[in-house]
Amino acid sequence: MCIPNAPYLFPLYFVIFVSSILVGCGDSSEYRGDIKPSSMGKIYQVNTLVSPEVFNSDVIDTFDYRYGRAYPILPQPEPYFELRYYEARDLDEQPLLRNLKCFLVLADMSIDDELTRMVRRDFRESIDFKDPGVKIGQDKWARDQLIIYIYAPDQASLIKEINRSYLTISNRIEQFYQGMIQSTVYVQGQNKMIQDTLKQKFQIDMKIPADYTTALVADSLIWLRQEVPEISRSIMVARFPYKSQDQFSKEGIIQMRNRMGEYISSTVSGTYMRVNATDLPMFTESTEINGQYAVKADGIWEIVGDFLGGSFVSYLLLDEEQQEVVFIDGFVYSPEKKKKLSMVYLDYILRQTKLSE
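Counting in our numbering, the sequence shown runs from 29 upward without gaps.
In short, the hints are calculated from the structure, not lab data. Even for Gly, the Cβ is constructed at its ideal location relative to N, Cα and C. Some hints here could point you the wrong way.
[Said to hold, decoys possible] Computed cross-link-like contacts, BS3-like style, restricted to lysine-lysine with a CA-CA straight-line distance of at most 30 Å:
hint, residue 1, residue 2
1, 188, 168
2, 278, 227
3, 278, 382
4, 365, 70
5, 158, 168
6, 70, 163
7, 220, 235
8, 168, 70
9, 229, 324
10, 324, 278
11, 271, 324
12, 366, 235
13, 324, 365
14, 64, 168
15, 70, 220
16, 324, 220
17, 366, 278
18, 70, 188
19, 271, 235
20, 271, 227
21, 324, 366
22, 278, 235
23, 366, 70
24, 163, 188
25, 382, 229
26, 365, 278
27, 235, 365
28, 64, 163
29, 324, 227
[Stated by the list, open to error] Just the calculated beta-carbon pair ranges, DEER-fashion:
hint, residue 1, residue 2, range
30, 220, 138, 52 to 60 Å
31, 80, 245, 56 to 64 Å
32, 100, 248, 22 to 30 Å
33, 283, 216, 29 to 37 Å
34, 332, 120, 52 to 60 Å
Kindly generate the complete structure, drawing on both the sequences and the hints.
Here you go:
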(Lines of atoms letter the chains of each structure in order from A and count residues from 1; the text may use other names and numbers.)
(Lines give C-alpha, C1' and ligand atoms only; values in the text may rest on other atoms or scores of the structure.)
Protein backbone atom coordinates (compact mmCIF):
# COMPACT_ATOMS: atom_id res chain seq x y z
CA MET A 1 0.00 0.00 0.00
CA CYS A 2 1.77 3.13 -1.21
CA ILE A 3 -0.87 5.68 -0.42
CA PRO A 4 -1.14 6.64 3.26
CA ASN A 5 -4.64 5.59 4.23
CA ALA A 6 -4.31 3.75 7.51
CA PRO A 7 -6.90 5.82 9.41
CA TYR A 8 -9.53 4.73 6.89
CA LEU A 9 -8.58 1.14 6.23
CA PHE A 10 -8.33 -0.15 9.79
CA PRO A 11 -12.08 0.09 10.53
CA LEU A 12 -13.10 -0.63 6.93
CA TYR A 13 -14.81 -3.96 7.48
CA PHE A 14 -16.69 -2.69 10.49
CA VAL A 15 -17.87 0.40 8.59
CA ILE A 16 -18.97 -1.64 5.60
CA PHE A 17 -20.82 -4.08 7.85
CA VAL A 18 -22.69 -1.25 9.55
CA SER A 19 -23.36 0.48 6.24
CA SER A 20 -24.81 -2.71 4.81
CA ILE A 21 -27.34 -2.70 7.62
CA LEU A 22 -28.20 0.95 7.14
CA VAL A 23 -28.35 1.31 3.37
CA GLY A 24 -28.09 -2.18 1.93
CA CYS A 25 -31.01 -4.08 0.50
CA GLY A 26 -30.23 -7.49 1.95
CA ASP A 27 -28.04 -8.69 -0.93
CA SER A 28 -24.81 -10.55 -0.34
CA SER A 29 -21.63 -8.52 -0.82
CA GLU A 30 -20.41 -11.28 -3.14
CA TYR A 31 -21.35 -11.52 -6.79
CA ARG A 32 -23.91 -14.14 -7.72
CA GLY A 33 -23.70 -14.59 -11.43
CA ASP A 34 -24.69 -11.32 -13.06
CA ILE A 35 -26.32 -9.94 -9.92
CA LYS A 36 -24.29 -7.10 -8.43
CA PRO A 37 -24.39 -6.21 -4.73
CA SER A 38 -25.93 -2.98 -3.49
CA SER A 39 -23.50 -0.11 -3.08
CA MET A 40 -22.87 1.35 0.37
CA GLY A 41 -21.12 4.26 1.99
CA LYS A 42 -21.55 7.61 3.69
CA ILE A 43 -23.33 10.65 2.28
CA TYR A 44 -20.94 12.86 0.27
CA GLN A 45 -18.08 10.37 0.56
CA VAL A 46 -15.82 10.39 -2.50
CA ASN A 47 -13.46 7.42 -2.92
CA THR A 48 -10.64 8.47 -5.20
CA LEU A 49 -8.60 5.96 -7.19
CA VAL A 50 -5.17 7.37 -7.99
CA SER A 51 -1.68 6.20 -9.00
CA PRO A 52 1.09 6.65 -6.41
CA GLU A 53 2.96 9.00 -8.78
CA VAL A 54 -0.11 11.23 -9.02
CA PHE A 55 -0.84 11.05 -5.31
CA ASN A 56 2.65 12.37 -4.55
CA SER A 57 2.38 15.28 -6.99
CA ASP A 58 0.82 18.73 -7.29
CA VAL A 59 -2.26 17.10 -8.76
CA ILE A 60 -3.48 16.08 -5.32
CA ASP A 61 -2.93 19.57 -3.94
CA THR A 62 -5.24 20.91 -6.63
CA PHE A 63 -7.75 18.12 -6.12
CA ASP A 64 -7.81 18.63 -2.34
CA TYR A 65 -8.27 22.38 -2.82
CA ARG A 66 -11.28 21.91 -5.11
CA TYR A 67 -13.00 18.88 -3.57
CA GLY A 68 -11.88 19.26 0.03
CA ARG A 69 -13.32 22.75 0.34
CA ALA A 70 -15.28 23.61 3.48
CA TYR A 71 -19.04 23.28 3.73
CA PRO A 72 -20.44 26.84 3.79
CA ILE A 73 -20.95 28.68 7.06
CA LEU A 74 -20.28 26.29 9.92
CA PRO A 75 -18.89 27.39 13.29
CA GLN A 76 -16.06 24.87 12.89
CA PRO A 77 -14.86 24.02 9.36
CA GLU A 78 -15.95 20.67 7.92
CA PRO A 79 -15.13 19.44 4.40
CA TYR A 80 -17.94 19.42 1.85
CA PHE A 81 -16.90 15.97 0.60
CA GLU A 82 -15.23 13.25 2.66
CA LEU A 83 -12.24 12.30 0.51
CA ARG A 84 -10.59 8.89 0.69
CA TYR A 85 -7.71 7.72 -1.49
CA TYR A 86 -6.95 4.25 -2.81
CA GLU A 87 -4.75 2.53 -5.35
CA ALA A 88 -6.26 0.23 -7.95
CA ARG A 89 -4.61 -2.77 -6.32
CA ASP A 90 -6.49 -2.05 -3.07
CA LEU A 91 -9.65 -3.19 -4.84
CA ASP A 92 -8.10 -6.61 -5.37
CA GLU A 93 -6.65 -6.86 -1.89
CA GLN A 94 -9.90 -5.72 -0.26
CA PRO A 95 -12.76 -6.62 -2.65
CA LEU A 96 -15.40 -5.05 -0.38
CA LEU A 97 -14.04 -1.66 -1.42
CA ARG A 98 -15.70 -2.21 -4.79
CA ASN A 99 -19.08 -1.92 -3.09
CA LEU A 100 -18.50 1.70 -2.08
CA LYS A 101 -21.03 4.12 -3.49
CA CYS A 102 -19.06 6.87 -5.24
CA PHE A 103 -15.69 6.59 -7.03
CA LEU A 104 -13.64 9.29 -8.70
CA VAL A 105 -10.74 8.11 -10.87
CA LEU A 106 -7.78 10.50 -11.33
CA ALA A 107 -5.81 9.17 -14.27
CA ASP A 108 -2.56 10.48 -15.74
CA MET A 109 -2.59 8.38 -18.90
CA SER A 110 1.15 8.82 -19.48
CA ILE A 111 1.63 6.31 -16.66
CA ASP A 112 1.36 2.62 -17.42
CA ASP A 113 0.06 0.96 -14.28
CA GLU A 114 -2.90 -1.02 -13.03
CA LEU A 115 -5.11 2.06 -12.74
CA THR A 116 -4.58 3.41 -16.26
CA ARG A 117 -4.91 -0.09 -17.71
CA MET A 118 -8.25 -0.37 -15.93
CA VAL A 119 -9.35 2.95 -17.46
CA ARG A 120 -8.37 1.80 -20.96
CA ARG A 121 -10.26 -1.46 -20.48
CA ASP A 122 -13.33 0.37 -19.23
CA PHE A 123 -13.47 2.40 -22.45
CA ARG A 124 -12.41 -0.48 -24.70
CA GLU A 125 -9.83 1.71 -26.43
CA SER A 126 -12.61 4.02 -27.70
CA ILE A 127 -10.63 7.04 -26.45
CA ASP A 128 -7.02 7.76 -27.40
CA PHE A 129 -6.55 9.93 -24.26
CA LYS A 130 -4.51 12.53 -26.15
CA ASP A 131 -6.79 15.22 -24.74
CA PRO A 132 -8.04 15.65 -21.16
CA GLY A 133 -11.65 14.90 -20.36
CA VAL A 134 -14.32 13.62 -18.02
CA LYS A 135 -16.52 10.55 -18.36
CA ILE A 136 -19.27 9.40 -16.03
CA GLY A 137 -20.32 5.80 -15.52
CA GLN A 138 -22.46 3.87 -13.11
CA ASP A 139 -22.89 0.46 -11.53
CA LYS A 140 -19.39 -0.77 -12.45
CA TRP A 141 -19.05 -3.05 -9.43
CA ALA A 142 -22.32 -2.53 -7.54
CA ARG A 143 -25.86 -1.30 -8.00
CA ASP A 144 -26.57 2.41 -7.51
CA GLN A 145 -22.89 3.27 -7.85
CA LEU A 146 -21.35 6.34 -9.45
CA ILE A 147 -17.89 6.36 -11.04
CA ILE A 148 -16.38 9.51 -12.53
CA TYR A 149 -13.21 9.46 -14.60
CA ILE A 150 -10.99 12.55 -14.85
CA TYR A 151 -8.18 11.77 -17.29
CA ALA A 152 -5.42 13.62 -19.12
CA PRO A 153 -2.25 12.84 -21.09
CA ASP A 154 0.02 14.30 -18.36
CA GLN A 155 -0.06 15.82 -14.91
CA ALA A 156 -0.18 19.46 -16.06
CA SER A 157 -3.23 18.72 -18.20
CA LEU A 158 -4.82 16.76 -15.38
CA ILE A 159 -4.51 19.77 -13.06
CA LYS A 160 -6.18 21.98 -15.65
CA GLU A 161 -8.98 19.47 -16.13
CA ILE A 162 -9.61 19.27 -12.39
CA ASN A 163 -9.92 23.07 -12.23
CA ARG A 164 -12.13 23.18 -15.32
CA SER A 165 -14.60 20.47 -14.36
CA TYR A 166 -14.86 20.53 -10.57
CA LEU A 167 -18.10 22.53 -10.37
CA THR A 168 -19.91 20.27 -12.82
CA ILE A 169 -18.59 17.12 -11.14
CA SER A 170 -19.36 18.40 -7.64
CA ASN A 171 -22.95 19.08 -8.69
CA ARG A 172 -23.20 15.61 -10.21
CA ILE A 173 -21.98 14.01 -6.97
CA GLU A 174 -24.48 16.05 -4.95
CA GLN A 175 -27.33 14.98 -7.23
CA PHE A 176 -26.24 11.36 -6.98
CA TYR A 177 -26.51 11.40 -3.18
CA GLN A 178 -30.00 12.96 -3.12
CA GLY A 179 -31.71 9.57 -3.03
CA MET A 180 -29.63 8.46 -0.06
CA ILE A 181 -30.33 11.75 1.74
CA GLN A 182 -34.05 11.32 1.12
CA SER A 183 -34.00 7.77 2.48
CA THR A 184 -32.15 8.90 5.59
CA VAL A 185 -34.29 11.95 6.28
CA TYR A 186 -37.60 10.12 5.88
CA VAL A 187 -36.54 6.74 7.23
CA GLN A 188 -39.47 6.80 9.69
CA GLY A 189 -41.95 8.27 7.22
CA GLN A 190 -43.66 11.66 7.30
CA ASN A 191 -45.60 13.62 9.91
CA LYS A 192 -48.96 14.05 8.21
CA MET A 193 -50.44 16.07 11.10
CA ILE A 194 -47.74 18.76 10.90
CA GLN A 195 -47.93 18.74 7.11
CA ASP A 196 -51.67 19.41 7.29
CA THR A 197 -51.05 22.31 9.68
CA LEU A 198 -48.48 23.82 7.33
CA LYS A 199 -50.87 23.56 4.42
CA GLN A 200 -53.87 25.02 6.26
CA LYS A 201 -52.09 27.76 8.23
CA PHE A 202 -49.19 28.67 5.93
CA GLN A 203 -50.43 27.52 2.51
CA ILE A 204 -47.33 25.45 1.76
CA ASP A 205 -46.68 21.78 1.06
CA MET A 206 -43.60 20.59 2.95
CA LYS A 207 -42.62 16.99 3.65
CA ILE A 208 -41.82 16.82 7.37
CA PRO A 209 -40.08 13.73 8.82
CA ALA A 210 -42.19 11.70 11.21
CA ASP A 211 -40.07 12.38 14.31
CA TYR A 212 -40.43 16.17 14.18
CA THR A 213 -42.67 17.75 16.82
CA THR A 214 -44.32 21.16 17.10
CA ALA A 215 -42.46 23.36 19.58
CA LEU A 216 -44.45 26.57 19.02
CA VAL A 217 -47.32 27.89 16.94
CA ALA A 218 -47.89 31.65 16.77
CA ASP A 219 -50.11 33.79 14.56
CA SER A 220 -47.61 33.98 11.73
CA LEU A 221 -44.93 31.42 12.69
CA ILE A 222 -44.48 27.74 13.47
CA TRP A 223 -41.38 26.18 15.06
CA LEU A 224 -40.72 22.46 14.57
CA ARG A 225 -38.03 20.40 16.34
CA GLN A 226 -36.31 17.06 15.96
CA GLU A 227 -34.36 15.85 18.99
CA VAL A 228 -31.77 13.12 18.54
CA PRO A 229 -28.86 12.32 20.88
CA GLU A 230 -26.71 15.46 21.24
CA ILE A 231 -28.33 17.13 18.20
CA SER A 232 -31.33 19.45 17.97
CA ARG A 233 -32.61 20.30 14.48
CA SER A 234 -35.29 22.93 13.98
CA ILE A 235 -37.46 24.28 11.18
CA MET A 236 -39.24 27.63 11.27
CA VAL A 237 -41.92 28.74 8.83
CA ALA A 238 -43.36 32.26 8.73
CA ARG A 239 -45.24 34.61 6.43
CA PHE A 240 -44.68 38.34 6.09
CA PRO A 241 -46.61 40.93 4.05
CA TYR A 242 -44.73 41.67 0.83
CA LYS A 243 -43.67 45.31 0.80
CA SER A 244 -40.75 45.55 -1.62
CA GLN A 245 -37.88 43.66 -3.24
CA ASP A 246 -35.69 44.99 -0.42
CA GLN A 247 -37.05 42.18 1.76
CA PHE A 248 -35.00 39.77 -0.38
CA SER A 249 -31.76 41.66 0.28
CA LYS A 250 -29.26 40.57 2.92
CA GLU A 251 -30.45 43.29 5.29
CA GLY A 252 -34.09 42.40 4.69
CA ILE A 253 -33.47 38.73 5.37
CA ILE A 254 -31.65 39.49 8.62
CA GLN A 255 -34.47 41.77 9.74
CA MET A 256 -37.18 39.16 9.08
CA ARG A 257 -35.21 36.31 10.60
CA ASN A 258 -34.50 38.34 13.72
CA ARG A 259 -38.24 38.97 14.06
CA MET A 260 -38.80 35.21 13.91
CA GLY A 261 -35.98 34.74 16.42
CA GLU A 262 -37.88 36.73 19.02
CA TYR A 263 -40.05 33.61 19.48
CA ILE A 264 -37.01 31.36 20.14
CA SER A 265 -35.35 31.34 23.56
CA SER A 266 -33.21 29.13 25.76
CA THR A 267 -33.94 28.11 29.33
CA VAL A 268 -32.58 31.49 30.47
CA SER A 269 -35.29 34.09 30.94
CA GLY A 270 -35.28 37.01 28.52
CA THR A 271 -33.13 35.34 25.86
CA TYR A 272 -33.89 35.39 22.13
CA MET A 273 -32.33 34.38 18.83
CA ARG A 274 -30.69 36.68 16.30
CA VAL A 275 -28.44 36.46 13.25
CA ASN A 276 -24.72 36.76 14.01
CA ALA A 277 -23.26 38.40 10.90
CA THR A 278 -20.11 39.52 12.73
CA ASP A 279 -18.13 36.36 13.48
CA LEU A 280 -18.96 34.82 10.08
CA PRO A 281 -20.65 36.49 7.09
CA MET A 282 -24.14 35.60 5.93
CA PHE A 283 -24.17 34.56 2.28
CA THR A 284 -27.15 34.94 -0.04
CA GLU A 285 -27.81 33.67 -3.54
CA SER A 286 -30.70 33.51 -5.99
CA THR A 287 -32.00 30.02 -6.69
CA GLU A 288 -35.17 28.05 -7.43
CA ILE A 289 -37.29 25.67 -5.37
CA ASN A 290 -39.54 23.45 -7.45
CA GLY A 291 -39.52 26.04 -10.23
CA GLN A 292 -40.31 28.89 -7.83
CA TYR A 293 -37.85 31.81 -7.61
CA ALA A 294 -36.21 31.94 -4.20
CA VAL A 295 -33.35 33.56 -2.33
CA LYS A 296 -31.17 31.33 -0.15
CA ALA A 297 -29.25 32.53 2.91
CA ASP A 298 -26.58 30.68 4.92
CA GLY A 299 -25.41 32.08 8.24
CA ILE A 300 -24.82 31.76 11.96
CA TRP A 301 -27.40 32.28 14.71
CA GLU A 302 -26.84 33.01 18.39
CA ILE A 303 -28.95 33.35 21.51
CA VAL A 304 -28.67 36.80 23.08
CA GLY A 305 -28.15 36.41 26.82
CA ASP A 306 -26.89 32.82 26.63
CA PHE A 307 -23.97 30.88 25.15
CA LEU A 308 -25.81 29.08 22.36
CA GLY A 309 -25.34 29.27 18.62
CA GLY A 310 -25.09 27.34 15.40
CA SER A 311 -25.74 27.33 11.67
CA PHE A 312 -28.89 28.14 9.73
CA VAL A 313 -30.11 27.98 6.15
CA SER A 314 -33.09 30.03 4.96
CA TYR A 315 -35.16 30.29 1.79
CA LEU A 316 -37.47 33.17 0.88
CA LEU A 317 -40.27 32.70 -1.64
CA LEU A 318 -42.74 35.25 -2.97
CA ASP A 319 -46.40 34.24 -2.92
CA GLU A 320 -47.60 36.62 -5.62
CA GLU A 321 -51.24 35.66 -5.25
CA GLN A 322 -51.28 36.45 -1.51
CA GLN A 323 -48.66 39.21 -1.83
CA GLU A 324 -46.72 37.67 1.01
CA VAL A 325 -43.16 36.50 1.62
CA VAL A 326 -42.86 32.87 2.72
CA PHE A 327 -39.81 32.44 4.98
CA ILE A 328 -38.64 28.85 5.63
CA ASP A 329 -35.61 28.24 7.82
CA GLY A 330 -33.62 25.34 9.25
CA PHE A 331 -31.11 25.61 12.07
CA VAL A 332 -29.10 23.18 14.17
CA TYR A 333 -27.78 23.15 17.73
CA SER A 334 -25.16 20.49 18.46
CA PRO A 335 -22.36 21.90 20.60
CA GLU A 336 -18.92 20.42 19.91
CA LYS A 337 -20.45 18.03 17.35
CA LYS A 338 -20.20 18.03 13.58
CA LYS A 339 -23.02 19.91 11.91
CA LYS A 340 -22.57 19.38 8.17
CA LEU A 341 -24.92 16.41 7.82
CA SER A 342 -27.59 18.13 9.91
CA MET A 343 -27.45 21.11 7.56
CA VAL A 344 -27.57 18.81 4.54
CA TYR A 345 -30.72 17.15 5.93
CA LEU A 346 -32.39 20.46 6.79
CA ASP A 347 -31.57 21.95 3.41
CA TYR A 348 -33.06 18.90 1.71
CA ILE A 349 -36.33 19.23 3.66
CA LEU A 350 -36.65 22.95 2.91
CA ARG A 351 -36.03 22.44 -0.81
CA GLN A 352 -39.07 20.16 -1.06
CA THR A 353 -41.38 23.09 -0.27
CA LYS A 354 -44.15 24.09 -2.65
CA LEU A 355 -46.69 26.87 -2.41
CA SER A 356 -50.12 25.32 -2.06
CA GLU A 357 -52.42 25.71 -5.04
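Indices of hints not satisfied (ascending): none
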